[in-house]
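Peer 1: Sequence:
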Amino acid sequence: MLKAVFLDIGGVLTEDGEALPGAVAAVARLQASGMALRFVTNTSRKTSKTVCDELLALGFRLTPAQVFTAPGAIRDYLRRHRLRPYLLIHERLAPEFADLERQDPNAVVLGDAETRLDYSHLDAAFQLLQRGAPLLAVGTNRYFRRAGALHLDAGPFVRALEYAAGIEATVLGKPAGDFFRAVLEDAGVAAGEALMVGDDVECDVAAAMDAGLRACLVRTGKYRPGDEARAPGARCEASLAKLVEALGVRA
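Just add 5 to the spot in the sequence shown (first one is 1) and you have this note's numbering.
Check each hint, because a few of them may be wrong.
[To be verified] Cross-link-like lysine-lysine pairs, in silico, DSBU-like; alpha carbons within 35 Å at most:
no., residue 1, residue 2
1, LYS8, LYS247
2, LYS51, LYS8
3, LYS247, LYS54
4, LYS51, LYS247
5, LYS54, LYS8
Rather than coming from a laboratory, the hints here were simulated on the basis of the structure.
Sequences and hints are given; from them, build the entire structure.
Peer 2: This is the structure we're talking about:
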């Protein structure tokens, strides 16, 4: 029995700052259904609060506690392990880590840092990694969609530092199994009782299935024809609105 639905945001609910057709109504129906609902994203240009506020402004119904971001997972990891991060992140994400000690860093945090992903910053991270600092990554997404085009995400830079330093990153967002397990624990459901909905066949859909969840690939956002073949067994729907309709969810 389906007891929870986990929704990716960009490409599933929104695109270029606007709600996708039917998405607001679909989320309202899911919220009213009694199923546990979580909004899960690897976005590394916005704080958790900003993500929530922007969705509310677009008309989505949600609470801050329903939002799970990869940067939030990294922040919690740093606190638990008492690590001082070298932050290779977007400037708009800095408030997420504002209360952490950063002097004499002993860990590297890598996200979609945009213009900061230059030689000097990457080399500074490389120096720390050579001295044994762990590499904590928001995710391994290869690209994201904006203004109708695909753009480089953090994944290629994660791989570059792994290769250069001869280490393996700890990925704390999607597609890491621990990320999905944390959301399952928060929602209070078993893996087989949850459905992950995403537009990224690798990091959303296949990764969720590897963690034991059910998954649905929507043909919006970064979806490309033929992606279905890369996640055999996943459901595929034209949009979130069509999925909610097919599931027979009633408000």
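Peer 1: Next step is simple, just say for each hint if it's right about the structure.
Peer 2: Evaluated hints:
1. LYS8 x LYS247: 19 Å, holds
2. LYS51 x LYS8: 29 Å, holds
3. LYS247 x LYS54: 28 Å, holds
4. LYS51 x LYS247: 28 Å, holds
5. LYS54 x LYS8: OK: LYS54 and LYS8 at ~26 Å, within 35 Å.
In this structure, every one of the numbered hints holds.
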